[in-house]
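Asker: Please model the entire structure based on the sequences and the hints provided.
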Amino acid sequence: MVSGKGGTGKTTVAAALALALATEGKRTLLVEVEGRQGIAQLFETEALPYEERKIAVASGGGEVFALAIDAERALLDYLQMFYKLGSAGRALKKLGAIDFATTIAPGVRDVLLTGKACEAVRRRTKQGSYAYDYVIMDAPPTGRITRFLNVNDEVAGLAKFGPIYNQAQAVMRVLKSPQTAVHLVTLLEEMPVQETADGVAELRGADLPVGSVIVNMVRPHLLDEQAVNSAAGDRRTEIAKTLTTAGVSGAAKLVTPLLEQAADHAQRVSLEREQRVALNRLELPSYELPLLSEGVDLAGLYQLSKELRKQGTGT
Amino acid sequence: MTVDASAKPLEVDPLIDDPATRIIVCCGSGGVGKTTTAAALGVRAAERGRHVVVLTIDPARRLAQSLGIDSLDNTPRRVKGIEGDGESSAGQLHAMMLDMKRTFDEFVEAHADGERARAILDNPFYQSLSAGFAGTQEYMAMEKLGQLRARDEWDLIIVDTPPSRSALDFLDAPKRLGSFLDGKFIKLLVTPAKMGGRAGMKFLNVGMTMMTGTLGKLLGGQLLRDVQTFVSAMDTMFGGFRTRADATYRLLQAPGTAFLVVAAPERDALREAAYFVERLAEEEMPLAGLVLNRVHGSRAVQLSAERALAAAEILAPEITSENSDGGGIVDQRGGKTGVREATGASPEPPPVSHAPAHNPQHEKTPQDTVRTAHQSDDAPVTTEVVPPPADHTAEHLTAGLLRLHAERMQVLAREQRTRDRFTALHPEVAVVQVTALPGDVHDLAGLRAIGDQLAGAGESPAAP
Ligand SMILES: Nc1ncnc2c1ncn2[C@@H]1O[C@H](COP(=O)(O)OP(=O)(O)OP(=O)(O)O)[C@@H](O)[C@H]1O
Ligand SMILES: Nc1ncnc2c1ncn2[C@@H]1O[C@H](COP(=O)(O)OP(=O)(O)OP(=O)(O)O)[C@@H](O)[C@H]1O
Ligand SMILES: [Mg+2]
Ligand SMILES: [Mg+2]
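Protein sequence lines correspond, in order, to chains A and B. For the first sequence, this note's numbering gives the first residue as 1, with consecutive numbering after it. For the second sequence, this note's numbering gives the first residue as 1, with consecutive numbering after it.
FYI, nobody ran anything at the bench for these hints, they're computed from the structure. Backbone N, C-alpha and C fix where the C-beta goes; we use that ideal spot for every residue, glycine too.
Below, simulated DSS-like cross-link-like pairs (lysine-lysine); rule was C-alpha separation at most 27 Å, straight line: (1) A/Lys93 / B/Lys217; (2) A/Lys84 / A/Lys160; (3) A/Lys241 / A/Lys253; (4) A/Lys160 / A/Lys176; (5) B/Lys175 / A/Lys93; (6) B/Lys217 / A/Lys84; (7) A/Lys26 / A/Lys306; (8) A/Lys54 / A/Lys310; (9) A/Lys160 / A/Lys93; (10) A/Lys26 / A/Lys310; (11) A/Lys160 / B/Lys217; (12) A/Lys26 / A/Lys54.
Derived DEER-like restraints, expressed as beta-carbon distance ranges: (13) B/Arg250 / A/Leu298: 42 to 50 Å; (14) B/Glu11 / A/Glu294: 30 to 38 Å; (15) A/Val57 / B/Ala281: 39 to 47 Å; (16) A/Val57 / B/Asp13: 53 to 61 Å.
Listing some non-contacts, in silico: residues in chain A with all C-beta distances to chain B over 12 Å: (17) Glu46; (18) Tyr50; (19) Val57; (20) Ser59; (21) Gly61; (22) Arg122; (23) Gly128; (24) Ala170; (25) Lys176; (26) Thr180; (27) Ala206; (28) Asp207; (29) Leu208.
Answerer: Below is the structure:
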C-alpha cells in the first residue's frame, strides 16, 4: 500500500516501486482505486479498463500489470456471484442503487476495493504458485488510509452476514498479516511530515502494518549554512574577485543577490533538517527520491525505480 | 520574473477596498495556498478599514497559529493585533474554522424542535453523514457562508475552500450531495407505499421490492431503516437539501461576490486553475483573477543558468556521481549538510544508507546491519558532518553560489513556461504573483508580507 499526503507522489512512487520489483524479475500488479487513471497517464498508455493489463516489461524479465478497480463494477460482480441477478444487476445500476449503496455506506466501497486487491494477492496459478509476487496499491491519502483499510470497523454497522461481511473478514486477515505493508510518501515539509506522523500513529493504533517512509522530491543541498554565513560576512570582495576570475561579468552587482539566494537555501536546508529529525523519530526504514527537475515522464519513472533499487527495495 | 505584457496585473486593493465587494472566495487545488491567501487578504482588508470575517476550512489548524489565536472553532473569534495602515483606520478581523459536524448539528437544532432534533442527531445514518460523506464539508461550508451572510455583521466575508483535489468540488459537491439526499431513488426507497398508488408505479414497485431486498441483504436492514427515518424526518423539516444547496449557490452568483483562483506555478495546479476559470465563466460567477503563489524569483536574472554553471565548473569542477542523470541530484559532492549523510561511513554518494536492514536482495554493508545509524535512538541524528576546510575556499564557495543560482534560474524558466501556457489559454485573466517565502507562514507579520505581495506592493522577486 502506498499512501501519503495528497500530491506528495503516491501514484508516482507506487509505479516506480512496481517497476523496481519487476526489474528484479518479479511479477507485480499495480492497482489504482480512485478512478483517476493516474497510472495510465504515467505509463503513457490509454485508460485502463477494469481488467488486468500488462503495461511494462522490465529488463530483469519481470512484468508490471495494472488494474483500475471500479467499485460499482466490483459490486455488480459480487451481486452476480452471490445472487445470480442476471440482467437485473444492470437495472439496479441504472436506477442508481449501486451508487446509493456505495454512498450511504462508504465502507462497502472500501471493502470492494481492498477485496479485489486481496483477491489478487491470494490468487494462484494452475501450477500452484502465486499469480503475482507483489500487489502494489496506489492507495487513498494518509488522512483516509486507516479508515480505508480498517474495513471491519467500517462495515460494523452493516449486515452481520452475507458477502460484504465475509469479504471484510477475509480482507482484514490479509491486511493485518506480515504480507502487507503501508508505505508513506512524504516531502521534507512541515505539513506532509506532520501528516505522516499522524498517519503512522493511526495505523499503528489500528494494528495495521506500517512499512517505510519514502521521502520524495528531495532537492540537493548545494551549500551548507556555515559556508553561507562565512560568505555573507567578510568575504564579499573575495567572492566578487573570484566571480570575475571565472569570467562572470558585472560581478560586483551579483554578490548581494547571490548571497541572498544562498541565505534562502540555508534556511530551507535547516527547515528540511528539522523535518528529517521528525521523520527519524518514527523509527521506520526510509528511502529518498530526488526531485526530477523536468517532472516525471516515463524516463523519469524508470530513473526513480532505479533509485529505489539502489537503495535496496525488496519489501 | 517580469510580468509579461500579455497578462493583466491583478489589483487586489481596489477589490478589497470596494464596499460593494461582500464575499471573496479563494479556491484552487490542494495545497496551493488557499488558506494562507484567505487569511492574508483578511488581515489586509481589515487593516485597510473593513469589517472582515474569514471562514477557513483547514483541518491542519495552522491558521489559528498564524493569527495568534489558540484555537479556531465554529464561532467567529476576534483577531488581535490588527493595525490601521496609516491612511485608513483599522477595521476588524474575525476568524473561524468550519466544524462541519457542529454546523450540521446546529442546522438540525435550528430547524427542528427538541425531541425531533434529538431523534435526528441520534440517528446512526445522520452521524456518519455529518462526520464526513463525500461532499459534506463543501455542503456545510456553503451553509456556513449563507449563515454568515444572513447575519450581516461583517461587510466582507472571505471564504477559504476545503482541501480537495479539484477546485470544482467546491461548486459541485454540495449539489451532488443535495441531489443524492433528495434523489428519486432515496425517495422511492423510503416511501414506496406513497408512490404505489399512482398509475404506472406498479412496475417500479416490483423492482423496488427486489432492490430493497438485495440492498437489505448487502447493507443490513437496519441501515436502510436508519436512512428512511432520517430522510423522512429531514424532509418535513425544511425544503430539501437540494433547494438549500441551490440557494447558497445563487449567493455565489450574486453581485458583490468575487472569486480568486489560487495556483502554484506547476503544470497540474495551473491545469486545474484553467478548468476552474472556464467553469466560472459558464456559471457567470465573477472571477477577480489568479493568484500565482509560491513563485520563485531572482535578483540576478542577468546571469543565465548556463553561464553560472560554466563559471562554477572553472572554479571547482563537479565530481559527478557514477549515476549522473542530469535531472536529479546535481552535486552529490557538495551535499555535505543534513542528516542524510550523518551515517558518515560512506565515502561514496550515500544513496544506500537508507536501505532497510531486512532486505534480502540487497548486499549488506556495515551500515545496513546496524539498521542504519539514523534510525536508532541514540544516533546523533542532528549531527552535521563539518565540511572539510577545502569547501570554504573562495573558489568552492563561489562555485556553490553559482550552482545554486543556476538551479534557481532553471526553476524560474520552468515556472515561466507553465505560466505562459496558462496566459496563452486565458489572456483575459488578471494575475498576481506571490513569491515562495523560504520558510512557512507562521504569524501576522508573515500574513502581512503575503498581503503586500498580493497587492503588488511587495518586493518584486525579479527586480530590475
Ligand atoms: N520525484 C519527483 N520529481 C519531480 N516531480 C515529481 C516527483 N514525484 C512526483 N512528482 C510530480 O508531482 C505531482 C504529484 O505526483 P503524484 O500524482 O504521483 O502524487 P499523488 O500523491 O498521487 O497525488 P494525488 O494525491 O493527487 O493522487 C505529479 O505532477 C508528479 O509528476
Ligand atoms: N508564498 C508562500 N511561501 C511559503 N510558504 C507558503 C506560501 N504560501 C503558502 N505557504 C505554505 O504552504 C503550505 C500550504 O498552504 P495552505 O495551507 O495555505 O494551502 P491550502 O491550499 O489551503 O491547502 P489545502 O488544500 O490542504 O487546504 C502551508 O504550510 C503554508 O504556510
Ligand atoms: Mg495519485
Ligand atoms: Mg487549506
